[in-house]
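Using the sequences and the hints given, assemble the complete structure.
Same order as they appear, the protein sequences are chains A and B. Under the working numbering, the first residue of the first sequence carries the number 0, and numbering increases by one thereafter. Under the working numbering, the first residue of the second sequence carries the number 730, and numbering increases by one thereafter.
Each hint can be trusted.
27 angstroms max Cα-Cα, derived DSSO-like pairs, lysine-lysine:
id, chain 1, residue 1, chain 2, residue 2
1, B, Lys764, A, Lys209
2, A, Lys218, A, Lys163
3, A, Lys163, B, Lys764
4, A, Lys182, A, Lys209
5, A, Lys209, A, Lys180
Just so you know, these hints were derived from the structure itself, not from any lab.
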Amino acid sequence: MSDHEELEGTVAAWVLGALDANEAESIRVHVEGCATCRQTAVRFRRAADSLPLEVEEVVPPARLRERILIAATAARSSTVPSAPARKRAALAPRRWKPVATVQLGRLTAFAAAATVLLALLIGLVVGGLLGRGSVSPPAPQVARFTLVGHGALAAAHGTVIDLKSDGVTLVDFSGLPALNKGKVYEVWLITPGGHPDSAAVFVPDSNGSKVVLVNMPLKGYSQMAVTAEDGPDGSAAPTQQPQLYGALG
Amino acid sequence: MELYDRYAGLAYAVAMRVLGDPGRSEDVVQEAFLKIWTNAASFDPKKGSLRTWLITAVRNRSIDYLRGRGAHERQELELQPELVESSIRSDPWHEVSLSLERMAVREAVGSLPAEQRQAVQLAYFGGYSQVEIADMTHVPLGTVKGRMRLALEKLSSYLQGRGLINV
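Structure follows, in structure tokens:
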């Protein structure tokens, strides 16, 4: 069998993504230079592209639309020049505080975060989701990290969206188990030295999901973690080993 | 969100078919839609439809998730936002044509011999390599290659015969 015949017989596997990286590269190079195989690849690719239509449509959870709107808003904010001379004094990272103080700070934090989110959503509606402006994108102002569940929270997942220019972070949780009565989930920001600062408390919805606003910049912290603590205010320090956590960077 | 309203059901279904996990499926669908909205750069309609681009992105990301691969370097078409929107609005017969296309694809896939259908589905929705499929099905590698080639030949001919793809 010639090299051409051998490679031609592998075009279908290549189109279906069933080759390892080296084989795929060999085929790609061959297809580029071989008119016959290129034509075969185009034909097979169009057939393979139709395969998803075999799948019965599934109505996604209603919250997915909301999630994407929020994430699109966050992403959109990264393509708009940040406001100059934004006051940040109130958003400085907090260290450990007594519970009562934390709660006061938390209320203020949520109010501010809600304001920012509202402003973002207004911007979304007014500006249009697809952004037809010709503003050239500045340096990225949004960073994304992932929280991974372990142990009893193995099914849980968190997507951290750090809106750097606004000093606000959105954390999109999913797959969280229901809490025992009187308990809340508490979000912790952990310094490189291992010191945890309380960032937010929340109770997920019946699907185990929640978008949480953290009104403080992540700068100076290396990890985010979640524990279950006594409600409604949470704890001043974690009372258990976190089972949902991830690195911030 | 017209784009989302139109294709979210199919995108989510494909992610669920590959991943079988609602949370992970939401993640990959979100990533695919965001890529269209935030990283759009250039779009050549001759290279593929918007739906194909979106669903391919969902499938590729799902497979990467499943296989624990990092960001892949597959070449996906980039779309200009304006074109995304115009391509949505200029197709009033979308539902009808999609329904007909779906019926044809199901007929075509259903008409394949079981072993050919299995080879294609394991590769496309399972993310398995031809070597892995040969191991799983206890047949020589050359047989797997042949099954994939025959399956795509038949699908192509079937869909071309109904005017659903032009080659």
